[in-house]
Amino acid sequence: MTNSLRVPYDGIVMAAPVTIPYVRYSIESAQWWIGRALRSLVTESGIKVSDIDGLCVSSFTMGTDSGIGLTQHFGLCVRWLDTIPLGGASAIAALRKAARAVQARDADIVACIAGDTNHVDSFRLTLENFSRFNQDAVYPYGAGGANSSFALIARNYMRSFGVTREDVGRIAVAQRANALRNPHALMKTPLSIEQYLAARPISDPIHLFDCVMPCAGAEALLVMREDTAASLRLPAARLLSTIERHNAFADDPMQVRGGWAMDVGELYAMAGVKPDDLNIVQTYDDYPVISMMQFEDLGFCGKGEGAEFVRQHDLTIDGDLPHNTSGGQLSVGQAGAAGAYLGLVEGLRQVLGVAGPTQVRDASLGLASGFGMINYDRGLASGAAIFAGPSR
Amino acid sequence: MIDPIEPPRRKNPLLRTRLPTAPPRARSRTSHGFTRAAAEGRFMLQRCEGCGTFTYPAREACPSCLSSALAFVDAPARGLLLAETTARVPSDVYFRERAPWRVGLVEMDCGPTIVAHLHADCIEGAAVRMSFQLDKSGQAVAFARPEGETPDMADDRQWREMTADPKFRRVLVTNGRSAIGREAALALKAAGTKMVFVGIAEPWRPFAGEELLRRQDGIELVTLDAADEKSVGDLAADIGGKVDILVNTTEYVRPGGLLDRKGTSIARDEIDQAYLGFINLAQAFGPIMRMRGADGINNSVAWVNILSVHALANWPAFGAYSASQAACLSLSHCLRAELRPGGIKLMNVFTGPVDTEWFQTVPPPKVAPRAVAQAVVAGLRGGLEEMYVGDVAEEIRQRLAANPKALERELDR
Chain S
1 MTNSLRVPYD GIVMAAPVTI PYVRYSIESA QWWIGRALRS LVTESGIKVS
51 DIDGLCVSSF TMGTDSGIGL TQHFGLCVRW LDTIPLGGAS AIAALRKAAR
101 AVQARDADIV ACIAGDTNHV DSFRLTLENF SRFNQDAVYP YGAGGANSSF
151 ALIARNYMRS FGVTREDVGR IAVAQRANAL RNPHALMKTP LSIEQYLAAR
201 PISDPIHLFD CVMPCAGAEA LLVMREDTAA SLRLPAARLL STIERHNAFA
251 DDPMQVRGGW AMDVGELYAM AGVKPDDLNI VQTYDDYPVI SMMQFEDLGF
301 CGKGEGAEFV RQHDLTIDGD LPHNTSGGQL SVGQAGAAGA YLGLVEGLRQ
351 VLGVAGPTQV RDASLGLASG FGMINYDRGL ASGAAIFAGP SR
Chain P
1 MIDPIEPPRR KNPLLRTRLP TAPPRARSRT SHGFTRAAAE GRFMLQRCEG
51 CGTFTYPARE ACPSCLSSAL AFVDAPARGL LLAETTARVP SDVYFRERAP
101 WRVGLVEMDC GPTIVAHLHA DCIEGAAVRM SFQLDKSGQA VAFARPEGET
151 PDMADDRQWR EMTADPKFRR VLVTNGRSAI GREAALALKA AGTKMVFVGI
201 AEPWRPFAGE ELLRRQDGIE LVTLDAADEK SVGDLAADIG GKVDILVNTT
251 EYVRPGGLLD RKGTSIARDE IDQAYLGFIN LAQAFGPIMR MRGADGINNS
301 VAWVNILSVH ALANWPAFGA YSASQAACLS LSHCLRAELR PGGIKLMNVF
351 TGPVDTEWFQ TVPPPKVAPR AVAQAVVAGL RGGLEEMYVG DVAEEIRQRL
401 AANPKALERE LDR
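Protein chains in written order, with this note's numbering: chain S, 1 to 392; chain P, 1 to 413.
By construction, these hints were calculated from the structure, which means they are not laboratory data. A quick note: this is a predicted structure, and the numbers were derived from the prediction, not measured. Glycine included, C-beta positions come from ideal geometry on N, C-alpha and C. Each hint should be verified, as a subset may be incorrect.
Computed list of chain S residues with no C-beta within reach of chain P, every gap over 12 Å [what the hints assert, rightly or not]:
#, residue
1, R105
2, L125
3, E128
4, R132
5, F133
6, L152
7, D314
Not the full set, but computed from the structure, chain S residues with beta-carbon under 8 Å of chain P [as the list claims (entries may be wrong)]:
#, residue
8, D204
9, M254
10, D377
Per label pair, the in silico range of CB-to-CB distance [to be verified]:
#, chain 1, residue 1, chain 2, residue 2, range
11, S, R105, P, R36, 47 to 57 Å
12, P, P100, S, P190, 49 to 59 Å
13, P, L19, S, K188, 51 to 61 Å
14, S, V120, P, A337, 30 to 40 Å
15, P, P63, S, F74, 31 to 41 Å
16, P, V93, S, W32, 27 to 37 Å
17, S, T164, P, A127, 52 to 62 Å
18, S, F249, P, C65, 12 to 22 Å
19, P, M1, S, L197, 45 to 55 Å
20, P, A71, S, P183, 55 to 65 Å
21, P, R381, S, T71, 28 to 38 Å
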């Protein structure tokens, strides 16, 4: 069966990018972080809480709560509600659902929020209780968490395509340079390629600076129709296209490509743009090697050419391919499910021209991608979105 | 190549004994299909009865055809190590203490890929043989070893966590008067133990093979009557902290069931020896063994019971004896649970009638005591939980699984 032609996202926009600055550890709850993000959405956009008639939340640390509990908790009365437990793919999935909801007028303004707290033991508890396959067949094997799972993928990928640690390190080093311009990044000191290479091993070939720092924080944005944004006088970015895919290439014995590779043609065709047209790219960087894989799978270069691509491009804010301009999760921190939103929210700021110290000049066309849920031996969920600012 | 383990030095009494910790224990119910496989030393995977696809991890529906008929079956154990990593900073205390810890992803010849613990001699890109082992939580884990034998293979540090190898360990065999006890002591001695203590009740009474045991270095006869609480307590006070493996060979075999016996005196003796003896041993030796589960190279690792396979299905000709064994079997599951926090394995070795005096009138096949002893060593080396020794035991295992009612009727002959 071939996919049927999709309805374009005509007149669907994102607005009000919100980041609640991250902290390494927080004694607050996930609900506290999500509540702060909701409040910021309201103050940022100037709308009333009662104007929000759709809510979509993602979090690993809400305990027994889902979106429904939050409606009463925060005094929201919505007519569209979703809870998306897709880890690093949550933001793209939320955006897609919210976009269709406002397009079909099931809702007018959807608040998409992800937030997580980080108590001293939350990360370990998240690892322990991640999924059934993980509990049965991964965690009891050295309890290395995602680091060990991605180490296996990285090792196989690097060996298969002749990728060195130095190649991968370029991504991390460039992101640190970007992060130094982001006052909210948890990493505040420069990182050289020498320091990257000399870092202590965590789960070979993953070393310290390949890993994100778990932290607490929240990210959010609003999804609505263009006419709604105009009536509220809200600066907004048009959604041009999205893709989403789960459990792709199940027959590959090890993961060397993500689901993007299945749908990348549609991603650009629907948006009517080429990879070269993009001014900023925000990949999902739980590990830099996964960003390298995304350059390939998102059509910037062929499979196996990621290392060469990274060598040929300057990925910093002032470079020829500004990538993960906030510093990404590698340098800003990974606030649980909010990590999924980090690139999308930063990308939205970029094309709206409100990114401040990390602003890329004349950025008007952006791409953000997501990747998540290493359920057993591979990341299962992938997605991407292309969006354009008002100047385009 | 791995370095052979060094004989442990005498323990420094001033140092704190390291307490046992356990690897992650949570599993889905279906995943315990692997626990069963590991307990018996079999390599089993789920295979779809609809389309024949092997799958892993444990599933409720076939990813090829969605059939829910996913039976655990014996599977080809060969695979290829695709990639490995060494976890250096695990988040869990057990692995943190044992880091660096090596794991890998193995593509099985029969299809699925399996995340597995790796033997140090496994090489990326080379063939491995997979097994399910019971870890210190008593849960099944996949373990990849090189396809062929390598020098000092059993000394691999990660492998030794999964097994109860007698090498360099100290063993108490609770009853040396029985043929099985005597053979077990000799077999364990030959397996590289540091010391085998052999319990003898009423040591002034001579017994068969006494000279053979007394002659051996590394075998020490100790006074022990399992049925006597004081005797057991006295011995535990003396050597309790030095028992790394306890092999409960206590036996009391008498023919007869209910109607052909008068009164309860024989049954009382059977219970005294086998069941209450077990309780005495467990209460005296269990707590210290459980505490010493992480006590170095010769940490405490296993408790072994030799049980009649008729603990599983009553044999009326030895009906009361069968019942005493069933009581011990039930209690062994309790002891297994209580020893688990120490990472101590409990292995039940089921035998059919043994070739000894008390089974004189029973026709063959009967099990040679030496075969039971060898099974004990093999089971400890493989880290097993259940063993069936001899043709009768194996047959009863299979018939019980096939149709317990048929077995019950046919044992009545």
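Run through the hints listed earlier and report the numbers of any the structure violates, in increasing order.
Violated hints: 2, 3, 4, 5, 6, 12, 13, 17, 19, 21; rest satisfied.
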